[in-house]
Amino acid sequence: MSTLPAHDSHASHDDGHGHGHDHPWYLAHHWENPKQQFEAGKLGMWLFLATEVLLFGGLFCAYAVWRGNHPELFKYGSQFLDTTWGAINTCVLILSSLTMAWAVTAAQQGKQGVLKVMLILTLLGAVGFLAIKYVEYSHKFHEGFFPGLRFYQTPPEHSSFWGGHHDDFGPGVHEDHQGEAAHDGHDHAAGASSEHPAADSTHAAASPSSRLPHTPGANDTAATAPVSTTAPATGDMTGDMTGATAAPTVAGVVDPNVPTVELPQFPQANVGPSGLASDAELVEKPFALGERHTVAAAHPLRDAEHRPLNAHKFFDIYFMMTGLHGIHVVIGMIVIIWLLVGAFRGKFTAEYFTPVDLGGLYWHIVDLIWIFLFPLFYLI
Amino acid sequence: MTTLDLSKPLNLPGDNYLTHTRGIMSWLITLDHKRIGVMYMVMVLTSFLFGGLAALAVRTELITPGKTMMEQDAYNQMFTLHGAIMVFLVIIPSVPAALGNFVLPIMLGAKDVAFPRLNLMSFYLWIFGAIFFVGSLFRGGLDTGWTFYTPYSSDQDSAMGGVVFALTGVFILGFSSIFTGLNFIVTIHRLRPPGMTWFKMPLFLWALYATAVIQVLATPVLGITVALLAFERAFGIGIFDPKLGGDPVLYQHFFWFYSHPAVYIMILPGMGIISELIAVHSHKHIFGYRFIAFSSIAIAMFGFLVWGHHMFTSGQSALMNVMFSAITFSVSIPSAIKVFNWLATMYKGSISLNTPMCYALSFMFIFSIGGLTGLHLGTLATDIHLHDTYFVVAHFHYVMMGSALIAMIGGLHHWWPKMTGKMYNENLGRIGCALVFIGFNVTFFTQFMLGSKGGTRRSWDYLPEFQTYHVISTIGSYILAIGFFLTAGYLIHSMFRGRRAPANPWGGRSLEWQCTSPPPHDNFSVAPRVGDCYDFRYVEWNEAEQGYVVRRDLDPETNPALAPQKGGH
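Residue numbers (the numbering used here), protein chains in the order written: chain P, 225 to 604; chain F, 856 to 1424.
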């Protein structure tokens, strides 16, 4: 898709009508001269890059809104990302940008050998990036960090993105969850959910608590809150997403419509503003500089059933943005392979290097987007 | 109508784009912008038929309160289908992709658009998007309204199964729209022939350029919005669905950030067409060329800053409401500039009431009402009362249907001789236009009254006292349908039995009237001569041609013999 401006700009567009034989082979019939064609291709590519920026801009905007609404979720989630792998990937992409720029220069100077080597190196960079991304993703899936509500289910052994609970995808998430919860033997949770979903939804809509600052004082009194908070792990999504954030209500008056359910296995899971555990140890430690990973590795909240409510949102936006970026890397690889084929056929000369130039532009924007993604997810 | 000796063609037929190559494949894989434009036109008009039938079903259901012919669910699906088809499959591609594709390169004096393959690809993207749209019907249907508002669209219980399918369709159609816009921008920047400066371009091209800018800048955001919504529905990511802690108003912001500019994607090219029609059929130089040109750009820019006026009642902050309201009012300035300039163009012109001109006049009347009623909705106090009533429905039909679509149909009549090489029956054309105009106003003016009295939109049932309005409105929609079917009838008839069209049937001066009807495959064998495309002084009716000719021999600029002799020469 993205390669199309590049394709077209040099398309020799033979539609059965003759045109002057003084035209070089790469000049399509509706252009006056190669310079006009080159400049049009370049303008088209820049416009296309503008649409790419706006496409990602929508997601950056979603990121900003989410982070503004739930800063603690991002603090919590980002500690599970591996900064080392992220940094290595950043270096890989920057290096591949360098080799791509080198390839463009080689094409402009007509240095065929350098062009081929640099394109191959760029392709290797892309492959390396995706390989590292694969390692990271599969690690996340293994830990059960899935996008969406599946986040709260204990992953089965060797779970992968597509393995395990297929039922949870697609329409009918809620129903499946309830059904499954019953099968899993968490009858109490399933029972709770079936009795009070409507009541909890109302709370959710009315409760501003998800934006409240962290209030440790409320935790002790909120004895009933943790119950409903941790319940999502066992199945009651509908009720819990909202009930979890209803801490103020619970702290003061216990809503008679909301049955309180004893969940003896989660005695300590107190609730913070957005459903985060407020235990000082759990919250403070991971943020200490230098020990993010060690702490995170031993983090009790790694356990899917103890995960704070709404924490999946960080991974949702993470998977969406890096996933969309990954798709762009794949498209970029297709472009580079196509350029390589052209380079080995000797298509590109010092007079005609438009595809290499445009492919290079595209590859640079793919890099540039990652340069923004890396700090937003891994560093801050 | 003069009988013509058809054995002796008026303009050398030889080779034109319709006869250049033959066979179905020569159309399906064509890179010729004219053929792609025609294919778009066929598909858009087909969609228009289906969207129109859905509208008739909705109107028929509303003749009586309660059930007339379908249940509530079917009604919800029907108005959603009508809105979604009309917006995404008809109005947005109608002028830029269908008419624009055909006309833009010829008007510009180019042989093709900048990227012909991309052009063909956007056509097929449109087809795929349309297939997904239709597919949503078979996946359980769609009842969210064309806006896909959350929580209707994200709620598993209330929304129907077709949502993700339809969202995929919107995503693909968005890319089709982006690529068309991108193509047009590059074409206008890089393919202008020598002499075709920015301020010599026909105003339709200015309008298409402004539209293309919006398409390129706004549509990606729609793409990401529908992607987020699809993920919300598929995985429950909790961004828009209030049940999952999401913010439904955030969806409205995302959606209208695209969809308000999209309103200008619909209306701006329509305004461009009207600028052409008014000048050509009044045979008078366009008044205020630069003002009309820049007002197109101004509308495109303002269009990005007013999306919040769709959310006055959604719980936006009061400050934002006031600001969006103020900017909304400013849009009326460039819009009014256009209307006044068109009026000034007609003043003391020699107006031919050809069918395209009849549509242009309808446009001016309807657009004025549509624009002015927009002020009621942009005013915070009155919007509280009018929000979600038929007043809103009437307003946006006046702008989107009565203006954008009528401009498109006017443009279709204007360029029909160029596209097909055949003339249609003028009298039937005028009758069709009158039926459309009357039917439209009966249908929708009634809805202004209905809405201001509190008739809520999208309701299957209503209070009995509103029935009179609904019956009148439904009768109007039938008149409208008769008008459109009549139009379709004589246009199709003209393709087979129509009089052969001269190169210049209306007396236009822009470049497309310099090539034959239909144009040759390459548009121009030699680079065309670019003059002032609104200078009609030397355009004369030629009886032998049964069309207009430009008397270059009378023009001092092209005939040096007539140049005024200056002293000291």
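Simulated from the structure, these hints should not be mistaken for lab results. Please read all numbers here as calculations on a predicted model, not as lab measurements. For every residue, glycine included, the Cβ atom is placed at its ideal position computed from N, Cα and C. Worth double-checking, as some hints may not be accurate.
[What the hints assert, rightly or not] Pairwise CB distance ranges (calculated):
(1) Gly292/P to Ser1187/F: 29 to 39 Å
(2) Ile312/P to Arg1313/F: 39 to 49 Å
(3) Ala574/P to Val1177/F: 58 to 68 Å
(4) Ile595/P to Phe993/F: 56 to 66 Å
(5) Gln333/P to Pro1411/F: 51 to 61 Å
(6) Asn257/P to Asp1387/F: 19 to 29 Å
(7) Ser881/F to Glu360/P: 43 to 53 Å
(8) Ala1173/F to Thr329/P: 54 to 64 Å
(9) Asn257/P to Val1177/F: 45 to 55 Å
(10) Phe1149/F to Gly570/P: 40 to 50 Å
(11) Met1178/F to Phe596/P: 24 to 34 Å
(12) Phe596/P to Ser1205/F: 39 to 49 Å
(13) Gly995/F to Ile595/P: 38 to 48 Å
(14) Ala574/P to Ser1187/F: 48 to 58 Å
[Claimed, not checked] Derived list of chain F stretches under chain P, where covered just means 3 residues or more per stretch with a C-beta under 8 Å from a C-beta of chain P:
(15) 1079-1088
(16) 1340-1351
(17) 1389-1400
[Unchecked claim] Simulated coverage check for chain P against chain F, where a stretch passes if three residues somewhere in it have a Cβ under 8 Å from a Cβ of chain F:
(18) 263-276
(19) 283-293
Checklist line | Numbers of the earlier hints that this structure fails to satisfy, in rising order | finding: When the structure is compared with the hints, numbers 2, 4, 12, 16, 17 turn out to be violated.
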